[in-house]
Amino acid sequence: MSEIDRRTFLKGTAALGAAGASAVLLDACGGNGSTSPPPTLKKNVAEHVGVGVGKPKLGGSVTFGTEAEEAGIDPTYAHFDSTGVLYARAVYDPLAIVDFNGNVQPYLAESITPNSDYTKWVITLRPNIVFHDGTPLDQQALLFCMREFLISALTNFAFTNYMDVKNPNKAVTPGPGPLSVTLNMEQPWVPFEYWLAGYIGGQMAYVFSPTAYQSKGEAYFNTHPVGTGPFVFQQWVPGSHFSLTKNRHYWRKDRYGNRLPYVDSWTYKPIPDVDTRYSALESGEIQIMHTDYDPIIQQVIANSSLASLGDNSLSVGEPDIDFIMINVADKIMSDIDLRKALAYGTNQAAVCRDLGKNITTPTNGPFPAPSPFHSDTGYPQYDLAKAKSYFKAFLSRYGGKQPTITYTTTNTTQSQADASYMRAMWQAFGLNVQIAQVEQSSLIDDALQGGYQMFSWRQFANVNPDLNYIFWATTSGPINFARNYDPIIQKALDTARQSGDPSVRAAEYEKIAHRFAVDLPYIYTNRDVWYIAAQKSIQNWNNPTTPTGGRGLTMLSGIIWPTEIWVS
Amino acid sequence: MVRRVVEVLITLFLLTLLTYFFSSKMPGNEAALTCGFSGTKCLAYETKVLYLDHPFFARYFHWLSNLFSGTLGYSADPTQPITTLLARSYPVTLELVILSQIMAVVVSLPLAMWSSLRPNRIFDRLSTTASFAALSLPVFILGPLLRYVFTVKVSAFPGAGANLPSFWSHPISNLDVMFLPAITIAIPSIAVYQRLLRADMIATLEEDFIVMARAKGLTTWRILLRHALRPSTFTLLTVGGIQVGSLIVGAVIAENVFFLPGLGYQLNIAVAKADLPTIQIITIIVAVAFIVINRLIDALYAVIDPRVRRARTV
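For the protein sequence lines, the chains are V and R, in the order given. Under the numbering used here, residues 1 to 568 are what the first sequence spells out, in order. Under the numbering used here, residues 1001 to 1314 are what the second sequence spells out, in order.
Isolated chain V (complex conformation) (with noise of 0.2 Å):
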């Protein structure tokens, strides 16, 4: 099941961490990378994809089709979902960049270094940058920026138990150099370099102008973005588009001199229906576009005039999981005998060849195979016989009546026609749900404020499982949006944390993927496929590199980086 909604909101900052031979510090020296090895690395299948051929060419535009629009683009207030990190990627520029190996190279900042023992993180911006408005990027800067994202209502989750969110000056400190500040931790924090990175979840990687966010008040901004990144923002018209231009006076050169990025302007347009995105991709009303709806990647596969790639191809880390996201707070959804029943009653196999065109696969957790992470979490498996039994089980408590359970999915004809099909397949074991549809953006802030019962869903895609660590930790209050919170769980996402080694890592992952199994928080459908599609006078968009000049991680969640895309 695609295209359920699943804003994956605060989900994890990209990259994958963890320290290899645990403590060997590499201290400071920008641009030399993480600080540990990748656990996750398997073959890219798809290299060429996305790459430009020939010399980049500068000039022309470039229109991208979204799934979704988004409700903000201020860092510390908007929750970011794939979109919203398309959005910041060209405004914004993040401090880090993960390469194609996993590991966490310095972007903005010039260099990102811990201490001993990752209690203390330095970062240091890259000199004589400016943002769009005119005022340096400085340590006033970020020193700014970094004390709002621990006071955010939204990004200080992020932070809990790690920082000391109500003393923001004590937990961001000036220095040691005159282009840097420091984070004190309050327990290590091995892999906080991915949260760096601006993926979902990421946010706090995101630089902005103190000035015009000062000048016009957080709700202007909210909508006005200034950063440091490649475009300048130029309009936005919720709903129809977000148009940016070049920024001139952009930081980075290419290999050949060229001041990037390539294209004079770019354009987001949020086009939620994906027949209608499609269409419009085939038209050439826009250009490229992302979707994990699998009969739309079906066409886009078969369509020999794009250039398609899926996050199926993926170098490093997980990928995104469908599935129902359920509300353990919730009074009837409390009761486990009705989540068995569910995931019993779930046939992923079903739903991967009727919905997922058999393009996407089942998982029994949100670490599916080739995952060093993965294993037998012994998550139940299909069997109709054990759905009717812990269904009768949870009947008997209502006196034999089914009480109203209301499934809500994103506001398309796709969601509809999938929730419906998810409807059916539980009737077989007697369980009747209304369904509800809202819009996607919607949908977050109903997960925030724990106003739902059951939610179709799309989480977990990252590089670093750490960075999950919001969504699943019992001290994350509402960015818990399951509301699982799970002692156990919690000890083992901080035992993770906090090694570097990777076999403890695993063995805690493992050890979350099981509780799961055990609290079923979350009924799997399928492991998700996020798919590029683009014309092939769009070039250039699946081969981002460093500032050092190295390949970045190519796209993963249907976020890709506009800076170096030209049109040929």
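Rather than coming from a laboratory, the hints here were simulated on the basis of the structure. Bear in mind the structure is a predicted one, so any value in this text is a computation, not a measurement. Glycine included, C-beta positions come from ideal geometry on N, C-alpha and C. Treat the hints loosely; a few may be bogus.
What the hints assert, rightly or not - Covered stretches of chain R, going by a simulated chain V footprint (3 or more residues, C-beta under 8 Å):
#1 1136-1149
#2 1153-1160
Claimed, not checked - Here are the simulated distance ranges between beta carbons:
#3 V:Ala350 - R:Ile1102: 42 to 52 Å
#4 R:Pro1110 - V:Lys55: 57 to 67 Å
#5 V:Thr406 - R:Val1154: 37 to 47 Å
#6 R:Arg1003 - V:Pro478: 49 to 59 Å
#7 V:Gln234 - R:Val1154: 31 to 41 Å
#8 V:Lys216 - R:Ile1102: 42 to 52 Å
Based on the hints, put chain R in the right spot on chain V.
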């Protein structure tokens, strides 16, 4: 006249009351929408500002006074003034509806006249068949079909998501983008108008004054245009007024199929977000348009038919 104005005012009052009542029964509230994740302080403030802690009628009259003073409030996610949203989207829908109706009239009129002139002959049968086919094709099928054929298979028109320039600055480009969405809505209207006008004209052509006109040696087209058309348009006008509702539904679908940021598209988003202020305002606008157009059509009866005019003055 005064009676009619009073009628309209009462209708509008009931309309706003019902709109506010039903939208207030929707889940969520404006304060939560406005505040998002900003916390309880914001919620408390917005609740006070929006009168959400007052009884229903106090809230309603507060909302109504804001409506009359042009303080329409803000839509949510991202927060933007509803006036800005309307200023952007209303012209798109208005143009779409007007254009579709021009297309419908321009096509249906000659078809109906020719059919009525020679009923049950080959042309009439063909046009009747085509009309039924058009009527049986819902807009949500027709739109994607036209989009696929004319923007993907044959690049005759700009596709979904094309930039829509202003009609006043770039009329040709504007009409180029608008053509397919407009014809999508127009096709069912063409069928309806053609069927109605044909039937009325066949009846009119049986009237004595038409026989008299023929006897005077007037040409066929002169008889059709000068003598038969006007008295045959009553039903057409009535249905045209009632059609406004269908047109709005058609606009919602066409704007979504062709990704045109008009009122219908915005309404679709607002409903999905439970964006109550936007839903309320768009509902009011559509309903007011419906009432005003139907009242105008009432007035037109008198212009078209002197008998109605005389009857009203008696």
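Status of each hint after checking the structure:
1. With a threshold of 8 Å between beta carbons, the proposed coverage of the stretch 1136-1149 of chain R by chain V holds, since 3 of its residues qualify and at least three are required.
2. Only residues whose C-beta sits within less than 8 Å of a C-beta in chain V count toward coverage, and the stretch 1153-1160 of chain R has 4 of them, enough to reach three; the restraint holds.
3. The hinted range of 42 to 52 Å is satisfied by V:Ala350 and R:Ile1102, whose Cβ atoms lie roughly 50 Å apart.
4. The hinted range of 57 to 67 Å is satisfied by R:Pro1110 and V:Lys55, whose Cβ atoms lie roughly 58 Å apart.
5. Separated by about 44 Å at the C-beta atoms, V:Thr406 and R:Val1154 satisfy the suggested range of 37 to 47 Å.
6. Hint check: R:Arg1003 to V:Pro478, Cβ distance near 57 Å, so the stated range 49 to 59 Å holds.
7. The supplied range of 31 to 41 Å is met by V:Gln234 and R:Val1154, whose beta-carbon atoms lie about 33 Å from each other.
8. With their beta carbons about 43 Å apart, V:Lys216 and R:Ile1102 fall inside the hinted range of 42 to 52 Å.
Checked against the numbered hints given earlier, the structure satisfies every one of them.
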